[in-house]
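Q: Next come the chains, spelled out residue by residue.
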Amino acid sequence: MSLLKLTHLKVHFPTQDGIVKAVNTIDLDIEENGKVGLIGETGCGKTVLGLSIMRLLQPDTRIKGENVYKGRDLLKLSEEEMRKIRGKEIAMILQNPTTSLNPVLKVGDQIAEAIRLHQGLDKRAAKEKVVEMLAAVKIPSPEKRANEYPHEFSGGMRERVMIAMALACNPTLIIADEPTTGLDITIKMQIVRLMKEVTKQRSMLFITHDLDAAAEICDNIAVMYAGELVEYAKTEAIFKNPRHPYTQGFLNSLPNRGLKPIRGMSPSLIGIPNGCRFYPRCDHAEAACKIQHPEMVELGNGHFVRCLQYDRS
Amino acid sequence: MLRKKTFAIGICILVAFSIIAIFSPLLTPYDPYKIIETPLEKPNKNHVLGTNALGQDIFSRLIYGTRATLLIGFIGALVSISIGTFVGTVSGYYGGKIDEFITRAIDIIMTIPMFPLLLVLSIFLTPNMLGISVLMGILGWAGFSRIIRSQVLSLSEYNFIYSVRAMGARDPYIMAKHILPNILPLVVVKFVFAAQNYMLMGVGLGFLGLGDPSMIDWGQMINCAYTNGGFALGMWWWLLPPGLSIAFLSIAVSLVGYSFEDEINPRLRRMVS
Chain A
18 MSLLKLTHLK
28 VHFPTQDGIV
38 KAVNTIDLDI
48 EENGKVGLIG
58 ETGCGKTVLG
68 LSIMRLLQPD
78 TRIKGENVYK
88 GRDLLKLSEE
98 EMRKIRGKEI
108 AMILQNPTTS
118 LNPVLKVGDQ
128 IAEAIRLHQG
138 LDKRAAKEKV
148 VEMLAAVKIP
158 SPEKRANEYP
168 HEFSGGMRER
178 VMIAMALACN
188 PTLIIADEPT
198 TGLDITIKMQ
208 IVRLMKEVTK
218 QRSMLFITHD
228 LDAAAEICDN
238 IAVMYAGELV
248 EYAKTEAIFK
258 NPRHPYTQGF
268 LNSLPNRGLK
278 PIRGMSPSLI
288 GIPNGCRFYP
298 RCDHAEAACK
308 IQHPEMVELG
318 NGHFVRCLQY
328 DRS
Chain B
80 MLRKKTFAIG
90 ICILVAFSII
100 AIFSPLLTPY
110 DPYKIIETPL
120 EKPNKNHVLG
130 TNALGQDIFS
140 RLIYGTRATL
150 LIGFIGALVS
160 ISIGTFVGTV
170 SGYYGGKIDE
180 FITRAIDIIM
190 TIPMFPLLLV
200 LSIFLTPNML
210 GISVLMGILG
220 WAGFSRIIRS
230 QVLSLSEYNF
240 IYSVRAMGAR
250 DPYIMAKHIL
260 PNILPLVVVK
270 FVFAAQNYML
280 MGVGLGFLGL
290 GDPSMIDWGQ
300 MINCAYTNGG
310 FALGMWWWLL
320 PPGLSIAFLS
330 IAVSLVGYSF
340 EDEINPRLRR
350 MVS
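Order-wise, the sequence lines are chains A and B. The numbering used here puts the first sequence at residues 18 to 330. The numbering used here puts the second sequence at residues 80 to 352.
Any given hint might turn out to be false.
A few chain A residues that face chain B, going by a derived Cβ cut-off under 7 Å, partial list only [to be verified]:
id, residue
1, K27
2, R103
3, T116
4, N119
5, A131
6, V148
7, E149
8, A152
9, A153
These aren't lab readings, by the way, just hints derived from the structure by calculation. Just so you know, even glycine gets a beta-carbon here, dropped at the ideal spot from N, CA and C.
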């Protein structure tokens, strides 16, 4: 059963230079207990998608489409109803743990905050819960660490704190925005293992450009390019048999696959041309690609791709 | 090192003035309002600074004057910084239409020259000292509010604010618990400088004869000396002490303010040390 279902989700930002179409017509399903990896390069709209699910964007942002969580369209809820879902039902781990913790508050108090906002525990009970949460994310001597400030924590430890904060109210869905970025490789693997462990009974949208981490954690992977999904398939299929030229290029740019960059730059999200968005950078481009915008087609076995090569019907 | 010294000197003078203000009745040899001697006495062993044109003890009046000046500065700063912090935080945090409206309103308010308006209002309203200081606060918050707004605006885009919102916190809670502690150092510095500004302004009003007539303040003392021939008669013991007191107090507040400012601004800190 699907837990979160995005239908034709669009997120547009009005700016002085024109409308930035950060997210365009995204359809995405997250099953109960399912882990979906959202991968794509910087600036393709991954983070905006995550924030728009939580409705954390500026009030003048235009969000269209449906965002149905447990049968309720989150876009239609009042701010107060939405507030009750944030943290308790859907929790978000924001990117960059260095700036995601308030520098002037103790770490323990920041985790306690999440607990007290939703569970109405008194100070003492909340404090016990904090220590329990810190222990759950494997922070050594949690009682002592709870009374320290964020600057006393290393990057990996801060990431653990972020995870503890997200888990504090036992949410059903976790949106993790680049939780492994900026960590060195050994710490990264620890965090990946931890995330895998704590999300055993939960659903997760795992936003990243780290394919190794995504492969380790996710069942399905969605590849995003210039505000839209270009490929969606089981993790294995993405790695063994990528169909979209962008996914192929992305994989080939990895160090262990030849470090071959995709030529060109990702396009500006203002005034996107018609036709395929990847066309200017694509090695397989044909004349039709410039004119016709491809639709998502299923190749069977839950493998979807948005490319004219496969869309010839 | 220098920072610590300037702070120590400033705070010492400030504490001394505060003690004088609080314990004025104990420190004054005479009732400052009472006519006790022949007018225009020169300084002698009974009257350290002589007497004024009415025959009141100048030294006692000088001591009592500390109260008015300190209170005007403190209350004025409290009012203006409170309003400014509140308006600036709301404007910067919510953004959008609310911010647009508040920013335009502040632009308009800032074009009104404050001191002349204060003069006119204090003539019409003939307020007491409390009224004057509150009035100053109400007229003076706009510029400060703009500084706070810009700080809050950038702070609101920090990840940790998103992070707290993602937890399901209410806006007023976020502003009080997460925004305010982060702008507090700036608020403190601005409070100190605002207090200094309002002290001088209070003295200025007093000198123009627009202060609270029932309170003694240093500006009023200088005005009194001026209008009653203190200048013409060369009675420096009447004029100089209130003037010097103002200067001293103002310098002390500045020293405290600057050392706070160095503390919150690392770029300044490097230049000093």
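Q: Are the hints correct? Go through all of them and say.
A: Evaluated hints:
1. K27: violated (20 Å)
2. R103: holds (4 Å)
3. T116: For A/T116, the interface hint holds, since the closest Cβ of chain B sits about 4 Å away, which is under 7 Å.
4. N119: holds (5 Å)
5. A131: OK, holds: A/A131 within 7 Å of chain B, min 5 Å.
6. V148: violated (19 Å)
7. E149: This interface hint is violated because 17 Å lies over the 7 Å limit.
8. A152: Interface hint status for A/A152: violated (20 Å vs cutoff 7 Å).
9. A153: violated (17 Å)
Checked against the numbered hints given earlier, this structure breaks hints 1, 6, 7, 8 and 9; the rest are met.
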